[in-house]
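A.B. asks: Sequence:
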Amino acid sequence: MTVQRRWTGTIAVVSALGMTVVLGGCGVNGGGSGSGTTLKLVAADYGDSAANSSRKYWDELVKAYEEKHPGVTVDVSVYSWNDVDRKVKEMVDAGDPPDLAQIGAYGAYAAKGLLYRADDVLSIPTQANFVSQLAAAGQVRGVQYGMPFAASTRVLFYNKTLFEKAGITPPKTWAGLAADARALKAEGVKYPYALPLGPEEAQAETMQWMLSGGGGYTDTVGTYDIDSAQNVETFRWLKDELVGKGLTGPVAPGKLNRAAAFAAFADGQVGMLNGHPSLMKMAADKGVKFGMVPTPGINGESKATLGVADWMMAFKKNGRQDEIGDFLNFVYDDENVLKFSREYDLLPVTSSASEKMSGAKQDKALKQFLDELLLSELYPVGKTSWADVSAEIKNRIGQAVAPGGDPASVLGQIQRTATTEESAE
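Numbering (the working numbering), first residue to last: 943 to 1367.
Treat the hints loosely; a few may be bogus.
Lysine-lysine pairs mimicking DSS-like chemistry, simulated, CA-CA at most 25 angstroms apart [stated by the list, open to error]:
(1) Lys1306 with Lys1102
(2) Lys1114 with Lys1132
(3) Lys1114 with Lys1031
Everything labelled a hint here was simulated from the structure, so no lab data went into it. Keep in mind that this is a model prediction, so the values were computed, not measured.
Using the sequences plus the hints, can you model the full thing?
C.D. replies: Next comes the structure, spelled out in structure tokens:
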């Protein structure tokens, strides 16, 4: 198989899962005789260096597939998260979409009728094997178009050394979290609780806190409910009890990005923060002793946690339905799903692979995240409006906890944007 590298620079970017990756675009061209079908796949890169680029994963997977299917060539282009969504959009706008795209969102393409339904291309066992929460999040008006490819959840990370020094235990409630933060501040901890509401990934921290307060981005029927009473109360509490009392560190939450908060935790400067699996390796590599517990809620452990997924989608333009389906059934084989998940500290998107990971000693550290996935709620990615609403959250939510800020007013502004965008769907 021929591998073509098109390194264009080094840029730190963030996927929908919140993983920081430092790579430029690269392409992987599948080999083959060229006399049969060629499938084009555009995929995102989950590596943090050239050494662990996703290019290598796709290289090995495509080679194994083509050896069993000599009449099919799979041409894979791998791009950084800074570029991949734009690359796919440019291809679609030019009337030349790839057969497959593995990117951050599928809703807009599904709404335009550009995608195959999942049941058009997947076998019944493969489609039925998706984790139920992820399969549901891949639906638009009850029909699945988005096929989950990688998943993550959030738990509360805490610095064991700092907690022992302060004589405290991990919190289970908001009150406990605030008390622990006060104790950590008294010991001189720079960020007692790191609250990243900066533009990089504010939609994640926001939703995690909304869920812990009994709210969320949507109501029970899927309508945006961003300025609900529960959400307003959640942000009033954050403003008054954490930010207003100086418990979130020297950087204003609206200026603190998730990557910076993770780096500070890995440097031993953070007492607590919400984190996903990749933080484990970051902290361990720096020698930080950490623990993980379920996210505290208003009156006990949060009943729901944030789940995040990146998506695979199949475009109809080139009409290669059978070939696409055959390849995807191979992609979602347990061996391939587990290999990818283990390489990048992510969660399997299929039930059978999740069961294998849950029972494997080598994956013990991920079990808590797997358990959380069963209680998770995902962004409303099936809405074509979500991209604009997410951007509005990133732009405004930090103002809700700023000095002089009014949570009800800020959430109301975001809600009005969401209502307008939703009515245009």
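A.B. asks: Next step is simple, just say for each hint if it's right about the structure.
C.D. replies: Hints versus structure:
no.: 1; hint: Lys1306 with Lys1102; in the structure: holds (19 angstroms)
no.: 2; hint: Lys1114 with Lys1132; in the structure: holds (22 angstroms)
no.: 3; hint: Lys1114 with Lys1031; in the structure: violated (43 angstroms)
Hint 3 from the earlier list is the only one contradicted by this structure; the remaining hints agree with it.
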